[in-house]
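Chains A and B supply the protein sequences, listed in that same order. Per my numbering, the very first residue in the first sequence carries number 306; after that it's consecutive. Per my numbering, the very first residue in the second sequence carries number 9; after that it's consecutive.
By construction, these hints were calculated from the structure, which means they are not laboratory data. Built from N, CA and C at the ideal position, the CB exists for glycine as well. Be careful, since some hints might not be right.
[What the hints assert, rightly or not] Chain A regions said to be covered by chain B (calculated; three or more residues, Cβ under 8 Å):
{"no.": "1", "segment": "331–345"}
{"no.": "2", "segment": "367–377"}
[As the list claims (entries may be wrong)] Calculated pairs, DSS-like style, for lysine-lysine (alpha carbon to alpha carbon, straight line, at most 30 Å):
{"no.": "3", "chain 1": "B", "residue 1": "K74", "chain 2": "B", "residue 2": "K280"}
{"no.": "4", "chain 1": "A", "residue 1": "K309", "chain 2": "B", "residue 2": "K299"}
{"no.": "5", "chain 1": "A", "residue 1": "K383", "chain 2": "A", "residue 2": "K310"}
{"no.": "6", "chain 1": "B", "residue 1": "K280", "chain 2": "B", "residue 2": "K299"}
{"no.": "7", "chain 1": "A", "residue 1": "K383", "chain 2": "A", "residue 2": "K435"}
{"no.": "8", "chain 1": "A", "residue 1": "K309", "chain 2": "A", "residue 2": "K435"}
{"no.": "9", "chain 1": "B", "residue 1": "K288", "chain 2": "B", "residue 2": "K43"}
{"no.": "10", "chain 1": "B", "residue 1": "K78", "chain 2": "B", "residue 2": "K43"}
{"no.": "11", "chain 1": "A", "residue 1": "K309", "chain 2": "B", "residue 2": "K317"}
{"no.": "12", "chain 1": "A", "residue 1": "K309", "chain 2": "A", "residue 2": "K383"}
{"no.": "13", "chain 1": "B", "residue 1": "K38", "chain 2": "A", "residue 2": "K309"}
{"no.": "14", "chain 1": "B", "residue 1": "K288", "chain 2": "B", "residue 2": "K317"}
{"no.": "15", "chain 1": "A", "residue 1": "K435", "chain 2": "B", "residue 2": "K288"}
{"no.": "16", "chain 1": "B", "residue 1": "K222", "chain 2": "A", "residue 2": "K310"}
{"no.": "17", "chain 1": "B", "residue 1": "K317", "chain 2": "B", "residue 2": "K299"}
{"no.": "18", "chain 1": "A", "residue 1": "K435", "chain 2": "B", "residue 2": "K38"}
{"no.": "19", "chain 1": "B", "residue 1": "K299", "chain 2": "B", "residue 2": "K288"}
{"no.": "20", "chain 1": "B", "residue 1": "K299", "chain 2": "B", "residue 2": "K38"}
{"no.": "21", "chain 1": "A", "residue 1": "K310", "chain 2": "B", "residue 2": "K317"}
{"no.": "22", "chain 1": "A", "residue 1": "K310", "chain 2": "B", "residue 2": "K219"}
{"no.": "23", "chain 1": "A", "residue 1": "K383", "chain 2": "B", "residue 2": "K280"}
{"no.": "24", "chain 1": "B", "residue 1": "K280", "chain 2": "A", "residue 2": "K310"}
{"no.": "25", "chain 1": "B", "residue 1": "K280", "chain 2": "B", "residue 2": "K317"}
{"no.": "26", "chain 1": "B", "residue 1": "K222", "chain 2": "B", "residue 2": "K43"}
{"no.": "27", "chain 1": "A", "residue 1": "K435", "chain 2": "A", "residue 2": "K310"}
{"no.": "28", "chain 1": "B", "residue 1": "K299", "chain 2": "A", "residue 2": "K310"}
{"no.": "29", "chain 1": "B", "residue 1": "K82", "chain 2": "B", "residue 2": "K38"}
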Amino acid sequence: MNSKKVRILVAKPGLDGHDRGARVVARALRDAGFEVIYTGLHQTPEQIAETALQEDVDAVGLSILSGAHMTLVPRVKKLLRDNGMGDVLMVVGGIIPEDDGRELINNGHADQVFTPGEPLDNITDYIGSKIRS
Amino acid sequence: MQQLVTELLQGNRRAAARLISLVENDDPQKRELLKDLYPHTGNAYVIGVTGAPGSGKSSLVDWLLKLMRKDGLKVGVIAVDPTSPFSGGAILGDRIRMQDHALDQDIFIRSMGTRGSLGGLSRATREAIQVMDAFGKDIVLIETVGVGQSEIDIVRTADSTLVVLTPAGGDSVQTIKAGIMEIADVFAVNKSDLPGSDRTVTEVNMMLDMKKSKEWRPPVIPTVSLINEGIDQLWEALQEHRRYMEESGRLLDIRRERVGRELTEQVEYLVKSSIWNQVKEEIELESLVEKIVHRRQDPYSAAADLLDKINFYGQEAEEGD
Ligand SMILES: Nc1nc2c(ncn2[C@@H]2O[C@H](COP(=O)(O)OP(=O)(O)OP(=O)(O)O)[C@@H](O)[C@H]2O)c(=O)[nH]1
Ligand SMILES: [Mg+2]
Numbered sequence: 306m307n308s309k310k311v312r313i314l315v316a317k318p319g320l321d322g323h324d325r326g327a328r329v330v331a332r333a334l335r336d337a338g339f340e341v342i343y344t345g346l347h348q349t350p351e352q353i354a355e356t357a358l359q360e361d362v363d364a365v366g367l368s369i370l371s372g373a374h375m376t377l378v379p380r381v382k383k384l385l386r387d388n389g390m391g392d393v394l395m396v397v398g399g400i401i402p403e404d405d406g407r408e409l410i411n412n413g414h415a416d417q418v419f420t421p422g423e424p425l426d427n428i429t430d431y432i433g434s435k436i437r438s
Numbered sequence: 009m010q011q012l013v014t015e016l017l018q019g020n021r022r023a024a025a026r027l028i029s030l031v032e033n034d035d036p037q038k039r040e041l042l043k044d045l046y047p048h049t050g051n052a053y054v055i056g057v058t059g060a061p062g063s064g065k066s067s068l069v070d071w072l073l074k075l076m077r078k079d080g081l082k083v084g085v086i087a088v089d090p091t092s093p094f095s096g097g098a099i100l101g102d103r104i105r106m107q108d109h110a111l112d113q114d115i116f117i118r119s120m121g122t123r124g125s126l127g128g129l130s131r132a133t134r135e136a137i138q139v140m141d142a143f144g145k146d147i148v149l150i151e152t153v154g155v156g157q158s159e160i161d162i163v164r165t166a167d168s169t170l171v172v173l174t175p176a177g178g179d180s181v182q183t184i185k186a187g188i189m190e191i192a193d194v195f196a197v198n199k200s201d202l203p204g205s206d207r208t209v210t211e212v213n214m215m216l217d218m219k220k221s222k223e224w225r226p227p228v229i230p231t232v233s234l235i236n237e238g239i240d241q242l243w244e245a246l247q248e249h250r251r252y253m254e255e256s257g258r259l260l261d262i263r264r265e266r267v268g269r270e271l272t273e274q275v276e277y278l279v280k281s282s283i284w285n286q287v288k289e290e291i292e293l294e295s296l297v298e299k300i301v302h303r304r305q306d307p308y309s310a311a312a313d314l315l316d317k318i319n320f321y322g323q324e325a326e327e328g329d
C-alpha cells in the first residue's frame with residue numbers, strides 16, 4: 306500500500322458509438338502498472354473534469370473519434386484549470402489530423418496527441434516518463 | 009498540509025480527493041491529518057455492498073444513490089476493484105454505472121485498487137471513510153467484490169452490509185461462500201429478470217430460517233437493477249436495519265469494538281515503529297544477519313539481545329533516569 310500509484314482517467318467525451326480503442330488503451334495502461342479509472346461512453350466535459358477531481362488523477366486520456374476534438378479538448382482543459390488541476394497531464398487519442406494535433410499542443414490544450422496505429426508501448430512509456438519524472 | 013483539513017471542512021472537494029490520496033498512499037503526514045479530522049467524524053453511516061463479480065453491485069449503488077438523494081442525504085462512495093498481481097495496475101470501472109451522479113455536488117465517488125496487501129486496503133478504506141465522514145457525508149457506501157476473506161474484513165467496517173446474489177441457475181445457493189452468507193444484514197437477489205430467481209430467493213430464505221433465531225433476520229429482496237425494480241424495497245430494508253442497529257444498541261456495540269481494535273492497532277504501530285527506529289540506530293542489521301547466516305549466532309538470542317538494548321519507554325524515560 307505504501308507505494309504511490311500513477312492514476313489516470315480514461316474517458317470518452319462526445320457522441321461516438323463504441324469504446325473498443327479506449328478499452329484497449331485502458332488495458333495496456335493497467336498492464337504498465339497504472340491505476341486506470343474508466344468511465345465509459347458519452348461523457349460530458351463537465352463529468353470528465355469532475356471525475357478527474359474526485360479521483361485525484363495525475364493524467365487524463367481522452368479518446369475522441371467523433372471529429373469534435375477541437376471543441377472538446379480545450380473545454381475539458383479549461384474545466385480542469387478551473388478546478389486547480391491545470392497541471393494534470395492531458396493526452397488525446399483518436400482520429401485527429403496532424404494540424405489539429407499540433408494546434409492543440411501549441412495552444413496548451415493537450416500535452417500529446419496519439420493517432421490510430423500508435424504502438425501501445427509508446428503511449429504507456431510517454432505517460433510514465435511524463436509523470437514519474 | 010493542515011490547510012487541506014481546513015479546506016475539507018469548508019466543503020472543498022479537491023481537498024477531500026487529495027486527502028484520500030494521502031491516506032491511500034500511506035503518506036508520512038497521514039496520522040497528523042487523521043488526528044485533526046477525528047473530532048469531525050462520527051456522523052456518517054457506513055453501508056457495505058459486496059457480492060460476486062458482475063452481480064450488479066454498481067448498478068444497485070447507482071439506484072440507491074438516487075433514492076438517498078431524494079431523501080436529502082449526502083453520500084460518499086468508495087468503489088474497490090482488484091489490482092492486477094502481475095503489473096500492480098488496475099482498471100477501476102465501477103464509476104461507469106454511476107456517472108449520472110458525477111455532477112451532483114453532494115455525491116463524492118472514489119475508486120480504489122486493492123493494491124498490495126489486503127490488510128493495507130482495509131486500513132486505507134477505513135481512513136477514506138474518515139475523510140468522507142469529516143467531509144460531511146451522511147452515508148458512505150463501500151463497494152467491494154466479495155471473493156476473499158480480506159475483502160469480507162473490509163465489509164466488516166460497515167454498519168450495515170448488503171450482499172448481492174444472482175439467480176443461481178442450475179446451482180444451488182449452498183455453493184455460496186459461507187463467509188458471505190454470515191456477514192449479510194440484507195440480501196438482494198439481483199438480476200431477478202433471469203430464470204431461477206424465485207428459487208434462489210426461497211432457498212436463501214430457507215437457509216436463513218434454519219439458523220437459530222437471531223434478533224435481526226436478514227430480509228431477501230429480489231431486484232432488477234437494469235430497471236428500477238425492487239430498489240425501493242431494498243432501500244427500505246437497509247433503513248430498517250439501520251433503525252434496528254440504532255434502537256437495539258448494536259450500533260454502539262460494534263462501534264465500541266471498532267474503536268477498541270483501532271486503539272490496539274495504533275498502540276502496536278507506535279510500539280513497533282519506536283522499537284524499529286531504535287533498533288536501526290543501534291545495530292547494523294546486516295552484520296547481524298551475516299553472523300546468523302554463518303551460524304555464529306542464532307536468530308532467537310540475536311532478537312533477544314536486540315531488545316535488551318532498547319529502552320521501551322522512549323526517549324523521555326531515558327532523560328528522566
Ligand atoms: N439481466 C440483468 N443484468 C444486469 C442486472 N443488473 C446488472 N446487470 C448487468 O450485469 C453486469 C454487471 O453489472 P455491474 O453493476 O457493473 O455489476 P458489479 O457487481 O458492480 O460488477 P463488478 O464491479 O465488475 O464486480 C452489467 O453488464 C449489467 O448490465 C439485472 O438486474 N439484470
Ligand atoms: Mg462494480
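Notebook entry, point to check: Between K317/B and K299/B, is the straight-line Cα distance small enough, at 30 Å or below?
Noted result: Holds, because 18 Å separates the two Cα atoms, which is no more than 30 Å.
Note to self: Just to be careful, I want the Cα atoms of K435/A and K288/B compared with a cutoff of 30 Å; is the pair within it?
What the structure shows: This hinted pair is violated, its Cα atoms lying about 36 Å apart.
Check: Can the segment 331–345 of chain A be counted as covered by chain B under the rule of three residues or more with Cβ-Cβ separation shorter than 8 Å?
Finding: holds (count 14)
Check: Are the Cα atoms of K38/B and K309/A separated by 30 Å or less?
Finding: holds (14 Å)
Checklist line | Proposed proximity, K310/A with K222/B (alpha carbon, max 30 Å) | finding: violated (44 Å)
Note to self: Does K43/B sit within 30 Å of K222/B, going by the straight-line distance between their CA atoms?
What the structure shows: violated (37 Å)
Notebook entry, point to check: Given the hint that K299/B pairs with K310/A, does the C-alpha gap stay at or below 30 Å?
Noted result: Violated: K299/B and K310/A sit about 38 Å apart, past 30 Å.
Note to self: Would the hint linking K280/B and K317/B be met if the CA-CA limit is 30 Å?
What the structure shows: Cα-Cα ~15 Å, so holds.
Margin query: Need the status of pair K299/B, K288/B: alpha-carbon distance at most 30 Å?
Written below: Given pair K299/B, K288/B holds - Cα atoms ~17 Å apart, limit 30 Å.
Note to self: Does K310/A sit within 30 Å of K435/A, going by the straight-line distance between their CA atoms?
What the structure shows: holds (14 Å)
Note to self: Hint check: K299/B vs K38/B, CA-CA at most 30 Å. Holds or violated?
What the structure shows: Not satisfied, since the Cα-Cα distance of roughly 38 Å exceeds 30 Å.
Check: Taking only the CA atoms, is the gap from K309/A to K299/B under or equal to 30 Å?
Finding: violated (35 Å)
In this structure, the earlier hints numbered 2, 3, 4, 10, 11, 15, 16, 20, 21, 22, 23, 26 and 28 are contradicted, and the remaining ones agree with it.
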